Amino acid sequence: MNSEQDGVRLQKVLSRAGVASRRAAEDLIAQGRVKVDGAVVTEFGRRVDPDTAVIHVDDVRVVVREGLVYLAFNKPRGVHTTMSDDRGRPCVGDYVRERDERLFHVGRLDAETEGLLLLTNDGDLAHRLMHPSFVVSKTYLAEVPGPVPRNIGRQLRDGIELDDGPARVDAFRVVDTSGGRAMVEVVLHEGRNHIVRRLLAAVDLPVRKLVRTQIGDVHLGNQRSGSLRALTRQEVGSLFAAVDL
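Under our numbering, read the sequence shown as residues 1 to 245, first letter to last.
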């Protein structure tokens, strides 16, 4: 008989997920820091099904299903956000061609925009991140002509009427100004095509260069252009929390 047919011991599941060694996992359980399906678990003999159990450690969701992958990709300029391109143009799929998992991108960046793009094979998370009912903030750094008039931030926060309806930013600030150029940071929840470029163009700040630097609590940081990295457990947990998973 399969010893795991009735589930796997909780401390073993936590160890497999990279949370802690089995002994350290027992300490977490004893301290009441582990929840299974919303309830605190303190007994070491608890068995769970990794495919269905929802486990939190210190209120951060832990990925315990094997085979799930969560990646941050720094998309270079000129790369299309598709997993294949029948016209032979460079695309995101070119960078994960050798991986075994069937990955897909979460949302899009236009070809001329660089920066953070999430890749995963977790369909539930991807669907929620892209669904309009879950508003996950995104941060962009844009190069525009300078200097930037002082009232621009208020205009963008109050809202701009675009061809397909009103839009506004959550936050706007000037990061740097030098000569005839300025770097500005834009934070918004909007997901419409080219929304950052269109908003800035509407206030006479045509975008010369655009980089997405953050999605929720996931930061691009100093990740090299064209590179992939696995999200940390905390980053994945923050994305789950943002979409109520």
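Be careful, since some hints might not be right.
Each pair of labels, with its calculated beta carbon distance range [said to hold, decoys possible]:
| no. | residue 1 | residue 2 | range |
| --- | --- | --- | --- |
| 1 | Val54 | Asp100 | 24 to 32 Å |
| 2 | Arg229 | Asp204 | 46 to 54 Å |
| 3 | Asp158 | Asp100 | 43 to 51 Å |
| 4 | Gly179 | Arg33 | 26 to 34 Å |
| 5 | Pro147 | Gly221 | 35 to 43 Å |
| 6 | Gln234 | Gly159 | 31 to 39 Å |
| 7 | Gln31 | Ser178 | 35 to 43 Å |
| 8 | Pro90 | Arg229 | 13 to 21 Å |
| 9 | Gly159 | Gly45 | 52 to 60 Å |
These are computed hints drawn from the structure, not numbers from a lab. As the structure is a computational prediction, the values presented were derived from the model and not from experiment. Glycine is no exception: its CB is placed at the ideal position from the N, C-alpha and C atoms.
How the hints compare with the structure:
no.	hint	in the structure
1	Val54 to Asp100: 24 to 32 Å	holds (26 Å)
2	Arg229 to Asp204: 46 to 54 Å	violated (37 Å)
3	Asp158 to Asp100: 43 to 51 Å	holds (49 Å)
4	Gly179 to Arg33: 26 to 34 Å	violated (53 Å)
5	Pro147 to Gly221: 35 to 43 Å	violated (28 Å)
6	Gln234 to Gly159: 31 to 39 Å	holds (34 Å)
7	Gln31 to Ser178: 35 to 43 Å	violated (52 Å)
8	Pro90 to Arg229: 13 to 21 Å	holds (20 Å)
9	Gly159 to Gly45: 52 to 60 Å	holds (56 Å)
In terms of the numbered hints stated before, the structure departs from hints 2, 4, 5 and 7, listed from lowest to highest.
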